[in-house]
Amino acid sequence: MLSCAKLFKSLLISSSVLFLSATSSFAATEAKPIEIKGEIIDTWCYLSGVMGGEDAVIGSAHHTCALWCAAGGIPVGVLDEEGKIYMVLKLEGEDTLAQSDNIMEIQSDTITAKGLHYVRDGVNYLVVQDVVANDGITNFNHEDFGAVPPNSFPKNYSAN
Amino acid sequence: MSNLKAKLGLILAASLFATSSIAHDGVVHSDIGEALKHQEQTSPNTLGFPDVKGGDFDLIDHNGNQRTSKNPNGQFQLVFFGYANCKAICGVALPSMAAAVDILKKEKIDVTPILITVDPERDTVDNMKDALAVHHKDMIGLTGSEEALNVAYEAFNVEKSLVYNHPEHGPVYAHGSFIYLIGPDGDFKTLLPPILGPDRIADVTKGYVSGAKS
Chain A
2 MLSCAKLFKS LLISSSVLFL SATSSFAATE AKPIEIKGEI IDTWCYLSGV MGGEDAVIGS
62 AHHTCALWCA AGGIPVGVLD EEGKIYMVLK LEGEDTLAQS DNIMEIQSDT ITAKGLHYVR
122 DGVNYLVVQD VVANDGITNF NHEDFGAVPP NSFPKNYSAN
Chain B
5 MSNLKAKLGL ILAASLFATS SIAHDGVVHS DIGEALKHQE QTSPNTLGFP DVKGGDFDLI
65 DHNGNQRTSK NPNGQFQLVF FGYANCKAIC GVALPSMAAA VDILKKEKID VTPILITVDP
125 ERDTVDNMKD ALAVHHKDMI GLTGSEEALN VAYEAFNVEK SLVYNHPEHG PVYAHGSFIY
185 LIGPDGDFKT LLPPILGPDR IADVTKGYVS GAKS
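Sequence lines, in order, name chains A and B. Residues 2 to 161 in my numbering are what the first sequence spells out, letter by letter. Residues 5 to 218 in my numbering are what the second sequence spells out, letter by letter.
Isolated chain B (complex conformation) (with noise of 0.2 angstroms):
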C-alpha cells in the first residue's frame, strides 16, 4: 500500500505541475493548500448557486427524537444523504465527512455530521446508530415518514431510485452525492463535492463557519 500511494503521490505531483494550477494567474504556490487558498480568495462565490434552496425538514434521529434542521446544539451541520447500508458513494462520503468533522475538533469548532436517510425501511431508529458508529460516534441518522423525508429530499435537490437488489446487501439505490453545509439554523451555506478530501471539506467549512465566506 505504501508503494502505492507513492506512486499515486507522484503521479498526483506530476499531474498539479503539468497544469497551471498551481501557478495560474502569475503566482506560484509552494504547495497546494496555499494554491486553494489563493483561488479562493481571488475567484469568489458565484452568487446565486443554482437549485439548493435548502429549508427546514423535520426528522426523527436514531435515538428516536425529533429532529429539525436547526441544531439544538448551535452547530454547523454536514448533511449527506445515502443509507448506512450502502457499499458505493456514502463508502467515500461518510467517511470523509466523519474525518472532516474532526480535523476541525482539533481546532476546537465542532460541526455535527448527519446522514439523512433514504432508505428508511432499513434505516431504522433500531439500527441506525450502531450502523454509523462506525463512521464517526457523533454521526446522527435520521429517518422519517416517506412524506417528511420528501420534504428534505426536495429541499436539497436530492433524488433516489432504486438500481437493483444485490442477493447479499440488499437494495442498492442511486441517490444524492454531495455533500451539505448547513447552519445552525438549518440555512444552505454550500455544497461540497464527495470526492475532495477531509482536509479540504474541513477548511471550506471552516471558512464559513468563522463568518469569512457566506
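Isolated chain A, as found in the complex (with noise of 0.2 angstroms):
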C-alpha cells in the first residue's frame, strides 16, 4: 500500500474533466435512476497518469494496485463504455460513503448495477443498488502491460 501511496503524492493532475457527464441538461436536479455497466476502476491511477496511461492502468495489469488504492482510501469509480466516470459513493448494503469491504471483492470488474446517479460541482456519482451481474476481471492487459506490481496477477486467474 505504501509504495502505491508515494506514487500518489508525486503529481496532482487536474483531470477532473474527465468526470464530467457528456451530456448536458438544465433539467438534470433530480437523481436519475442509471442502469450502468463498466469497469470498477482506480480512479487515481486512472485519473492522475501517475502509472501509466489509460490503458495500462484498468484490468489485470492494474488489479492489485487497485486493491492497494482502495484499501488506502482512494474512491472506486464505474467506467463505463463510453469512457465516462461515475465515482462510487456507495454499494448496495453499505452504510457509509465510498469505505467498503465489499469493494475489494469486486475492484477491476466489469459490472451491471442498477443505482442512483447524481452530479455534484461537475462530477458523476453513483449510489449503487444493486449489481445485477458480474462478469468478473474481463481485460487481460497484463500480457501487454505488465502488472502493477509485477507478478502480481495470477496466472491461472479464472472469473469463473
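Heads up, some of the hints might be wrong.
Below, in silico cross-link-like pairs of lysine-lysine (DSS-like), each with a Cα-Cα straight-line distance of 25 angstroms or less [as the list claims (entries may be wrong)]:
#1 A/Lys33 x B/Lys57
#2 A/Lys115 x B/Lys57
#3 A/Lys33 x B/Lys217
A short list of chain B residues far from chain A (calculated; beta carbon distances all over 10 angstroms) [claimed, not checked]:
#4 Pro54
#5 Asp142
#6 Lys217
Partial selection, computed: residues in chain A whose CB lies under 10 angstroms from chain B [stated by the list, open to error]:
#7 Thr44
#8 Arg121
#9 Gly147
#10 Ala148
Don't read these hints as lab results, they were simulated from the structure. The beta carbon of each residue, even a glycine, is placed where N, CA and C say it ideally should be.
Need the complex rebuilt from these two chains, each delivered in its own frame; the hints are there to steer you.
Below, the structure is given as C-alpha cells:
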C-alpha cells in the first residue's frame, strides 16, 4: 500500500474533466435511476496518470495496485463503455460513503449495476443499489502492460 | 521528474482529446478549466445529495480549545477525516486542501482547513499542531472523546477501521476519503473527491463562498 501511496503524492493533475458528464441538461436536478455497465477502476491512478496511460491502469495489469489504492482510501469509480467515470458513493447494503470491504471483492471487475446518478460540481456520482451482473475481470491486459507490481496477477485466474 | 511530468502531460492531453469531455454538447473548449466551468453551468447539482446531512460537532482543537462546527472566524471550512500520521490517502487530501486554501487566499478568500482525527490515541492536543503544520500553518486538528468524535463521524457518514499495525508507523486505518466543504455555520455544502487537484478544489469552493452555488 505504501509504495503506491508515495506515487499518489508525486503529482496531482487536474484531470477531473474526465468525470464530466458528456451530456448536459438544465433539467438534471433530481437523482436519476441508471443502469450502468463498466469496470470498477482505481480513480487515482486512472486520472493522475502516475502509473501510466489509461489502458495500462485498468484490468488485470492494474488489479493489485487498484486493491491497494482502494484499501488506502482512494474512491473507486465505474468506467462505463463510453469512457465516462462515475465516482461510487455507496455500494448496496453499505452505510458509509465510499468505504467498503465489499469493493475489494469486485475491484477491476466489469459489473452491471442499477443505482442512482447524482451530479455535483460537475462530477458524476453513483449510488449502487443492485449489482445485477458481475463478469469478473474481463480485461486481461497484464500481458500487454505488465502487472503492477510485477507478477502480481495470478497466472491461472478465472472469473468463474 | 520533469520528463515524467512532460510524459504525463502528454498522456493527459491525449486522454482528454480522446474523450468527448472537451467538446461536449457541441461546444469546443480551449482548455480544461473552461470546459469545467461550462459543464458546471450546464449540469446543475442534483438536489438531495445523498447521505451527508452534516451537523454540529463539538471537539477540542490542537491548542486545547473547544471548537464546534461553527467557525469563530466566520470562514468556510474544508474538513477531512484522517490522522496526522497517515501515509496513504491523507497524504493526498491534506496537501491538496492546503494548496487550495493558499490559492483562495490569493483571491482574498479565507477558508479554514481542518483535520478531524480518526486516531485520537495518537493525534493529541500536544502533538497534532506540529504534525499538521507540515501541511499548512493554519490547518486545525480536532480531537475529542470517542463519543464526541462519533457525532462528527456520523454527521458526515464516515467510518473508521483498523487495517493493520505497521511495524514502523503504527496503526493504519481505513477511513473516509472525501473532503467536505462546510459553511461558517457548519452547514454542509458539498463534498470533493480527494483526487481533485488544488485548483479544482479552490474553484468549487469559490463557487459556494461567492454564493454562486448552494
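The hints, checked one at a time:
{"no.": "1", "hint": "A/Lys33 x B/Lys57", "result": "holds, 20 angstroms"}
{"no.": "2", "hint": "A/Lys115 x B/Lys57", "result": "holds, 24 angstroms"}
{"no.": "3", "hint": "A/Lys33 x B/Lys217", "result": "holds, 21 angstroms"}
{"no.": "4", "hint": "Pro54", "result": "violated, 6 angstroms"}
{"no.": "5", "hint": "Asp142", "result": "holds, 20 angstroms"}
{"no.": "6", "hint": "Lys217", "result": "violated, 8 angstroms"}
{"no.": "7", "hint": "Thr44", "result": "holds, 6 angstroms"}
{"no.": "8", "hint": "Arg121", "result": "holds, 5 angstroms"}
{"no.": "9", "hint": "Gly147", "result": "violated, 17 angstroms"}
{"no.": "10", "hint": "Ala148", "result": "violated, 19 angstroms"}
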